[in-house]
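Just so you know, the protein sequences line up as chains A and B, in that order.
Positions 392 to 590 (our numbering) are the ones given, in order, by the first sequence.
Positions 5 to 169 (our numbering) are the ones given, in order, by the second sequence.
What the hints contain is simulated information worked out from the structure, not anything from laboratory work.
Please read these numbers as outputs of a predicted model, since none were measured by experiment.
Any given hint might turn out to be false.
Here are the simulated BS3-like pairs of lysine-lysine, each with C-alpha atoms no more than 25 Å apart in a straight line [claimed, not checked]: (1) 505/A x 47/B; (2) 393/A x 156/B; (3) 103/B x 493/A; (4) 493/A x 156/B.
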Amino acid sequence: MKGFEDLQQLWHRQTPEPNVSFDTILKRIKESKSELAKKLFWQSVIVAAAIIVLLSVWVAVSFSTWTTYLALALTMGCICYFFVNQLADYRRISSSHSLLSKPQEYIAYLQAFKQKRNRFNTRNYMAYEIVLAVAFGLYAVEMYFSVPFWAFITFLLVVVCWFLICHFVFMKQYIKQENARIQEMIDNLGRINKQFHES
Amino acid sequence: MSNQRILFQQLFDDNSKRVYHLCYGYTGDSDAANDLMQETFIKVWQHLDTFRNQSQLSTWIYRIAVNTCLSYLRTAKRRATDELNDHIIENHTEEPSEKQEQVALLYQSIAQLEENERIIITMVLDEIPYPEIAEISGISEGNLRVKIHRIKHKLTEIYNRNERV
Chain A
392 MKGFEDLQQL WHRQTPEPNV SFDTILKRIK ESKSELAKKL FWQSVIVAAA
442 IIVLLSVWVA VSFSTWTTYL ALALTMGCIC YFFVNQLADY RRISSSHSLL
492 SKPQEYIAYL QAFKQKRNRF NTRNYMAYEI VLAVAFGLYA VEMYFSVPFW
542 AFITFLLVVV CWFLICHFVF MKQYIKQENA RIQEMIDNLG RINKQFHES
Chain B
5 MSNQRILFQQ LFDDNSKRVY HLCYGYTGDS DAANDLMQET FIKVWQHLDT
55 FRNQSQLSTW IYRIAVNTCL SYLRTAKRRA TDELNDHIIE NHTEEPSEKQ
105 EQVALLYQSI AQLEENERII ITMVLDEIPY PEIAEISGIS EGNLRVKIHR
155 IKHKLTEIYN RNERV
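So that you can see chain B by itself, here it is in the shape it has in the complex (with noise of 0.2 Å):
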């Protein structure tokens, strides 16, 4: 096997779960978010030998992850977010869970927040470092801790409105 495949398989293993966390949190949509990380793979692996060690390696998977959700606005008509959450309820083959229905809801919630929202707030919610966030999104740290701030208080408020109806 080649340094840069088991590279990759390494980058791969660390990252992917996080990943796809950040791509369902934007879009909404298991599918949609499966595509978006073997996209943001697949261009990792292209890009990989133009990493220049300015950054650590999961930062900038996290970037070309960010740059390849918000590109996806570009290729795919997004449907409505609760016509998308509700199909990843209807999607469980079993009857879903108290803690699936959960999560379900909280996906919808972030579905309902605006798209830069989305990004910050799965990647708090992974608890990615503050100034590895602010490096990603490209926002000072001063003025991402502000946002996140606005952002909690604001899915918390959307969650428990969610969860009311």
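Chain A on its own, in the form it takes in the complex (with noise of 0.2 Å):
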């Protein structure tokens, strides 16, 4: 039977110790860096692509209806947007000051990041599902003057199918994932915010 006593001087006999040295922390301060750096260039360089290809499209190819270059510019604005969100998230996370706060305030700061980050990924992406399904809908114009009239039908069902599909298959399971993922979370947070208040 041991008293509490007992415990702290087996506390201060005890022999686990860290097996990082400070060499090691030197090391992944460097590597974290270019990794953030590294994956905000390859997001940079492919969203810059897909812009150019798409400009490419708009200057190179003559379309007979305006509607095309609307859709172009739909599709353009959904990759911007995605981007410039993503950017955003990174600056916010690296000037935040919220790693200092005391832990129940960090906690808070934590389930709202976490709620915001959620919306981004479920409510928005719904957002680009409809405009991107109003952008080839307004493409579906020019194909109906421009080629027969079997390849335009063939188009809309290809098209119409892959939304669905995309809609109440992948969607829904994404959406249904990342709530449940994010409420677990959110529980486990508000949880430990609690146990800090309670007295």
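Both chains are given apart, each in its own frame, so use the hints to dock them into the complex.
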């Protein structure tokens, strides 16, 4: 039968010690900086390439209807909006001083941040889906005038089926998983937050 | 060597062991504790220029370590604490000594406490002064003393129960 003082003595005689050296930490600091920079760089390259491709199509191909140009503009708008939001998040995380706040304030910050990301990842994807569907619809006007009727119907069927699969299978599954994951996280954070407030 | 790097090395040498204990007490797993300790010191480096001398540097580092531990919950699905602590014992290549087993049992008992209790008791065991613990955990000193009394009793009870098993 031990008392707390015995446990304290045991604690001071313990051997578990960190096996991470100072140099390892410095190496990780350098790596984490370059990892983020690399990630941002490749995201920027992909977005820039997509925009360049769409702009080249805009300039090189002479479309017969204005609706196609509107479809291209909507698609470019979607890509830019997504990228700007990602960048803003990176900046917000890196400049945030919430880590230095009291634990209960930090947990509240984490909850709010996670909820915001969840909204972005679920509701906004729904908005992208709608905008892209509109863009394809507008492009269908061009197709109607420039390709044989059977090709137009095939294009329409493929696009509609693809959107239905995306919406009812992939999106539903993704949103369900995301919501369950975030709810578990929020519940856990809420439980910890309560522990710090309780007397 | 730059001044910032010298200061950082000093901070690492003075605090790494106690930060590791805090992370180990919180997670009950040495690998996770090493990861969290690394993450803590990376954040310390990143925020070093924001330190405003409102508190001691060690308090400031502890605050970062506590918040890093708390955010660990959101990224890692924790395995059952018993399973983790069996792992601690199994990981020793040699036959564990009685002392090692007792320390493992102590960590196992800490892991059975609630998250905030694990954080507070680890600091108490490391003999951090109460006003500093109050500042780190954002709890008033009066409230903290009551909590510590309760946690000490709870931990001792859990440890003795585990020892009997």
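Kindly indicate which numbered hints from before are broken by the structure, ordering the numbers from low to high.
Going through the list in order, the structure violates hint 3 alone and respects the others.
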